[in-house]
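Asker: Sequence:
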Amino acid sequence: MNNNQKAAAHIAAVPIQFAIHSRVDSALKQNNVGPVGRGVAQAILFGIGLWVHGTIEDS
107 MNNNQKAAAH
117 IAAVPIQFAI
127 HSRVDSALKQ
137 NNVGPVGRGV
147 AQAILFGIGL
157 WVHGTIEDS
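In this note's numbering, the protein residues as written are 107 to 165.
Hints listed in this document are in silico derivations from the structure and should not be mistaken for laboratory results. Honestly, I wouldn't trust all of these hints.
[To be verified] Beta-carbon label-pair distances, calculated as ranges:
1) Ile150 <-> Ala115: 18 to 28 Å
2) Gly140 <-> Gln111: 37 to 47 Å
3) Pro141 <-> Ala114: 32 to 42 Å
4) Trp157 <-> Ala113: 14 to 24 Å
Note that the structure is predicted; figures quoted are calculated from it, not measured. Virtual Cβ for every residue (Gly too), placed ideally from N, Cα, C.
Make a model of the complete structure from these sequences and hints.
Answerer: Here it is in structure tokens:
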């Protein structure tokens, strides 16, 4: 991937990540998961996001 394609992929990934984080948090709230559990889930999703962005950068 050239630099322009990488930049576009990074930019496209951000709203997808936001949507995933929001939906997961909403689902956890509806299932009465407390703030600690939701925070752990968000931290895991953040780690996955870092991995995705690293993969984009390495491609």
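Asker: Does each hint hold? Answer for all of them.
Answerer: Against the structure, the hints:
1. Ile150 <-> Ala115: 18 to 28 Å: 22 Å, holds
2. Gly140 <-> Gln111: 37 to 47 Å: With a Cβ separation near 41 Å, glycine 140 and glutamine 111 satisfy 37 to 47 Å, so the hint holds.
3. Pro141 <-> Ala114: 32 to 42 Å: 35 Å, holds
4. Trp157 <-> Ala113: 14 to 24 Å: Given about 18 Å between the Cβ atoms, the range holds.
In summary, this structure violates none of the numbered hints.
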